[in-house]
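Chains B and P supply the protein sequences, listed in that same order.
FYI, the numbering for the first sequence is 1 to 404, going by the working numbering.
FYI, the numbering for the second sequence is 1 to 270, going by the working numbering.
Take the hints with a grain of salt, since some may be wrong.
Unchecked claim - Heads up, simulated DSSO-like pairs for lysine-lysine below, C-alpha to C-alpha not over 30 Å straight-line:
id, chain 1, residue 1, chain 2, residue 2
1, P, K187, B, K113
2, B, K114, P, K251
3, B, K2, B, K377
4, B, K327, B, K2
5, P, K86, P, K187
6, B, K379, B, K327
7, B, K348, B, K370
8, P, K113, B, K160
9, B, K113, P, K180
10, B, K327, P, K113
11, B, K114, P, K187
12, B, K160, B, K114
13, B, K232, B, K370
14, B, K232, B, K327
15, P, K180, B, K42
16, P, K187, P, K251
17, B, K42, B, K9
18, B, K327, B, K377
19, B, K348, B, K232
20, B, K114, B, K42
21, B, K42, B, K2
Stated by the list, open to error - Just a sample of chain B residues kept apart from chain P, beta carbon distances all over 12 Å, derived:
id, residue
22, D192
23, R229
24, D299
25, V404
Hints listed in this document are in silico derivations from the structure and should not be mistaken for laboratory results.
Positions of the beta carbon are idealized from the N, C-alpha and C atoms, including for glycine.
Letter by letter, the chains look like this.
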Amino acid sequence: MKLTEEMLKALPDARGHFGAYGGRFVSETLFDSLMTLEREYKRLRDDPEFQAEFDRDLAHYVGRPSPLYFAERLTRETGGAQIWLKREDLNHTGAHKVNNTIGQALLARFLGKKRVIAETGAGQHGVATATVCARLGLECHVFMGEEDIRRQSPNVYRMKLLGAEVHSVTSGTRTLKDAMNDAMRDWVANVDDTFYIIGTVAGPHPYPLLVRDFQSVIGRETRAQCLDRTGKLPDALVACVGGGSNAIGMFYPFLTDESVELYGVEAGGLGIDTGQHAAPLSAGRPGVLHGNRTYLMEDENGQIAGTHSVSAGLDYPGVGPEHSWLKDIGRAHYVSVTDDEALDGFRKLTRVEGIMPALETAHAVAYAIKLAASMDKDKVVVINISGRGDKDMQTVAEIDGIEV
Amino acid sequence: MSRIEGVLRTLREQGRKALIPYITAGDPHPDQTVGLMHTLVDAGADIIELGVPFSDPMADGPVIQQACERALRHGTSLRQVLAMVKTFREKDDATPIVLMGYLNPMEAMGQEKFADGAVDAGVDGILTVDLPPEEADEVAPLFTARNLDAIFLLAPTTTDDRIRAISEHSSGYVYYVSFKGVTGAGKIDVDEVAANVAHIHELTALPVAVGFGIRDAATAAAVGQVSDGVIVGSVLVDTIARNQADPDQLKRALSDLLHPMREALDSLPS
Numbered sequence: 001m002k003l004t005e006e007m008l009k010a011l012p013d014a015r016g017h018f019g020a021y022g023g024r025f026v027s028e029t030l031f032d033s034l035m036t037l038e039r040e041y042k043r044l045r046d047d048p049e050f051q052a053e054f055d056r057d058l059a060h061y062v063g064r065p066s067p068l069y070f071a072e073r074l075t076r077e078t079g080g081a082q083i084w085l086k087r088e089d090l091n092h093t094g095a096h097k098v099n100n101t102i103g104q105a106l107l108a109r110f111l112g113k114k115r116v117i118a119e120t121g122a123g124q125h126g127v128a129t130a131t132v133c134a135r136l137g138l139e140c141h142v143f144m145g146e147e148d149i150r151r152q153s154p155n156v157y158r159m160k161l162l163g164a165e166v167h168s169v170t171s172g173t174r175t176l177k178d179a180m181n182d183a184m185r186d187w188v189a190n191v192d193d194t195f196y197i198i199g200t201v202a203g204p205h206p207y208p209l210l211v212r213d214f215q216s217v218i219g220r221e222t223r224a225q226c227l228d229r230t231g232k233l234p235d236a237l238v239a240c241v242g243g244g245s246n247a248i249g250m251f252y253p254f255l256t257d258e259s260v261e262l263y264g265v266e267a268g269g270l271g272i273d274t275g276q277h278a279a280p281l282s283a284g285r286p287g288v289l290h291g292n293r294t295y296l297m298e299d300e301n302g303q304i305a306g307t308h309s310v311s312a313g314l315d316y317p318g319v320g321p322e323h324s325w326l327k328d329i330g331r332a333h334y335v336s337v338t339d340d341e342a343l344d345g346f347r348k349l350t351r352v353e354g355i356m357p358a359l360e361t362a363h364a365v366a367y368a369i370k371l372a373a374s375m376d377k378d379k380v381v382v383i384n385i386s387g388r389g390d391k392d393m394q395t396v397a398e399i400d401g402i403e404v
Numbered sequence: 001m002s003r004i005e006g007v008l009r010t011l012r013e014q015g016r017k018a019l020i021p022y023i024t025a026g027d028p029h030p031d032q033t034v035g036l037m038h039t040l041v042d043a044g045a046d047i048i049e050l051g052v053p054f055s056d057p058m059a060d061g062p063v064i065q066q067a068c069e070r071a072l073r074h075g076t077s078l079r080q081v082l083a084m085v086k087t088f089r090e091k092d093d094a095t096p097i098v099l100m101g102y103l104n105p106m107e108a109m110g111q112e113k114f115a116d117g118a119v120d121a122g123v124d125g126i127l128t129v130d131l132p133p134e135e136a137d138e139v140a141p142l143f144t145a146r147n148l149d150a151i152f153l154l155a156p157t158t159t160d161d162r163i164r165a166i167s168e169h170s171s172g173y174v175y176y177v178s179f180k181g182v183t184g185a186g187k188i189d190v191d192e193v194a195a196n197v198a199h200i201h202e203l204t205a206l207p208v209a210v211g212f213g214i215r216d217a218a219t220a221a222a223v224g225q226v227s228d229g230v231i232v233g234s235v236l237v238d239t240i241a242r243n244q245a246d247p248d249q250l251k252r253a254l255s256d257l258l259h260p261m262r263e264a265l266d267s268l269p270s
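Here chain B stands alone, though its shape is the one from the complex (with noise of 0.2 Å):
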């Protein structure tokens, strides 16, 4: 299907639908606040001075634009396409996740809520969120599974060191959906005074919609830069997906561009046969979970099931349901790569580049190699570098049995 500017700005659809996915599948408690949301959103998407105010944020506090490099020792190595890294890991809090919280909280302050919720499974979300709010002067919870704050307690003292208050879940599988699951209930008890910042382009209408919006500056400098350095637009872009925020930030802007090849990269875990994986697109069905319709990890009887990767933003059943149309349309790749394979993306990037990414983003890093070697040397791949590793490193320590 060839896309075109009209067909996009046609999506989501009112009932915020991407195709069969989206929509808006919650309890009706939340169904006013997120009409509200959606109805002043789309209001303040068109305002001159809430988007100025959201460009000088993003200039002055995250440090945008994040630079395009050139990553000419990796190249040489691979021995394929060039390969160019979006360094979102050099934003204010070490990954792409704040200029989603940046646009949310603003948005929370035009609507008058004095009380922000999240829900984190890395910790990046969190942080940024926390970020946000120390800066606004407005409340902050975190909602974090038990086990996600045993693999990533740096993060988690960060968020104290911020002023959130930390909420550890002990419900399901302890991870980012139940996190997920306990910040929608925290929602519903406080639906009058509290904006819940979602960090990835999933859950009920609008969400998808203005994380996507947001995050869609990756791409748009991206494709900028890349003209800019390179004389042309990238032949392809590879980012790694979890619930998929980095990666359609990324996308969005080239959806139109059919020259450009658009790879996501799910967590394979310990391999897609094993069923001990987090990639829904890759191995996956349609369902209903978290406010939308959208590819999940389930059972035969819809109950959704336990995943597995090595990085805990990844670890996630469901994923955004603007990725669930692109893949159904055939617009982009959907691949996965295993934690072994992550971690060699890991060793590589930070040993021949002495760029340290996020565990998620060696995901999309050891993809991104295997294709650039198999591609011409005159082309060029962009790999979204979504955050920094240094979160990940008593993980990486653990698996190498060192303690630190």
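Add chain P to chain B, keeping to what the hints say.
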């Protein structure tokens, strides 16, 4: 006329209020559910809401979350829940059964297969917590064609336009969620409920049953006074959790909890 409509009409003619207990199917064990359903009827239930366990019950508090986890540990599937209703129907052809749950297990079975299975088992109504009428245009005709009542939630945050629209999509009764929160949380504000239910009655002719926060005879009576029925969930499920080791004691405990509610409702001036 559906079984639900019939029961609610008779109650209205008698000037009585509906007592609607909720339990999660498969909790504490799938073998006990049918027996517990009969216990609920013997203790005065007019309609039973039978929960279909789900791995991610976002609208529920810890009590019902844990009930789902217990039921799922024993592998309780939607298919099994339908079989439980079928077994229940062997001895009870009068008490309406409403399945209450989340959309994904129903979609995983296939909506048409589910609707057929529900009718075949003797289910009367379907309440899907995370399915607003806006997203129900595919499934609603399947239910209507089979005379299954589609029951939707109304909340304190529901606007008048939506109350009207949701009521138009509903049959049997509408379920008014008494407070903003998850099941089992918070304290019910009876005056606020009274005002809101009276307002809903102005906008729809359907009976209004009220759930969330009803935990004893006093709250049942207070809410029954201003509505057409009360739904009792978490306090029953909590009783199941505390008595799961002793099946006979569990039945007695559930009876002891429901009986005073029945009596309190029946003592209300009609």
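Hints, verified against the model:
With a C-alpha separation of about 24 Å, the suggested pair K187(P) and K113(B) falls inside the 30 Å cut-off, and the hint holds. The hinted pair formed by K114(B) and K251(P) fails the criterion: a straight-line CA distance of about 47 Å is larger than 30 Å. Of the supplied pair hints, the one linking K2(B) and K377(B) holds, its CA atoms being roughly 27 Å apart against a limit of 30 Å. For the given pair, K327(B) sits about 14 Å from K2(B) by alpha-carbon distance, which is consistent with the 30 Å threshold.
Between K86(P) and K187(P), the direct Cα distance comes to roughly 36 Å. Violation of the 30 Å bound is thereby established for this hinted pair. Between K379(B) and K327(B) the CA atoms are separated by roughly 24 Å; this keeps the pair inside 30 Å, and the hint holds. For a cut-off of 30 Å, the pair hint linking K348(B) to K370(B) stands: about 12 Å separates their Cα positions. Taken as a hint, the K113(P) and K160(B) pair is broken in the structure, with Cα atoms around 49 Å apart against an allowance of 30 Å.
Between K113(B) and K180(P) the CA atoms are separated by roughly 17 Å; this keeps the pair inside 30 Å, and the hint holds. Taken as a hint, the K327(B) and K113(P) pair is honoured in the structure, with Cα atoms around 27 Å apart against an allowance of 30 Å. Taking the CA atoms of K114(B) and K187(P), the gap is near 24 Å; set against the 30 Å cutoff, the hint holds. Only pairs whose Cα atoms come within 30 Å are accepted, and K160(B) paired with K114(B) is accepted, the gap being roughly 18 Å.
At roughly 22 Å between alpha-carbon atoms, K232(B) and K370(B) fall within 30 Å of each other, so this suggested pair holds. A threshold of 30 Å between alpha carbons decides the hint, and for K232(B) with K327(B) the separation of about 26 Å falls inside it, so the pair holds. Pair hint K180(P) plus K42(B) holds up; C-alpha atoms about 26 Å apart against a cutoff of 30 Å. A C-alpha spacing of about 26 Å is found between K187(P) and K251(P), which places the hinted pair at or below 30 Å, so the restraint holds.
In summary, the hint linking K42(B) to K9(B) is supported, as the alpha carbons are separated by about 13 Å, within the 30 Å threshold. Annotation: proposed proximity of K327(B) to K377(B) holds, straight-line Cα distance about 28 Å (limit 30 Å). Of the pairs offered as hints, the one joining K348(B) and K232(B) holds, with about 27 Å between alpha carbons and a cut-off of 30 Å not exceeded. The suggested pairing of K114(B) with K42(B) holds, with an alpha-carbon distance near 21 Å, which does not exceed 30 Å.
For the suggested pair K42(B) and K2(B), the alpha carbons sit about 27 Å apart, so the restraint of at most 30 Å is met. The claim that D192(B) is not at the interface with chain P is violated, since a C-beta of that chain comes within 12 Å of its own (minimum 7 Å). The Cβ of R229(B) lies farther than 12 Å from every Cβ of chain P, with a closest approach of about 45 Å, so its non-interface assignment holds. Interface exclusion of D299(B) from chain P breaks down, the closest Cβ pair being 8 Å apart, not more than 12 Å.
Every CB of chain P is more than 12 Å from the CB of V404(B) (nearest about 35 Å), matching its label as outside the interface.
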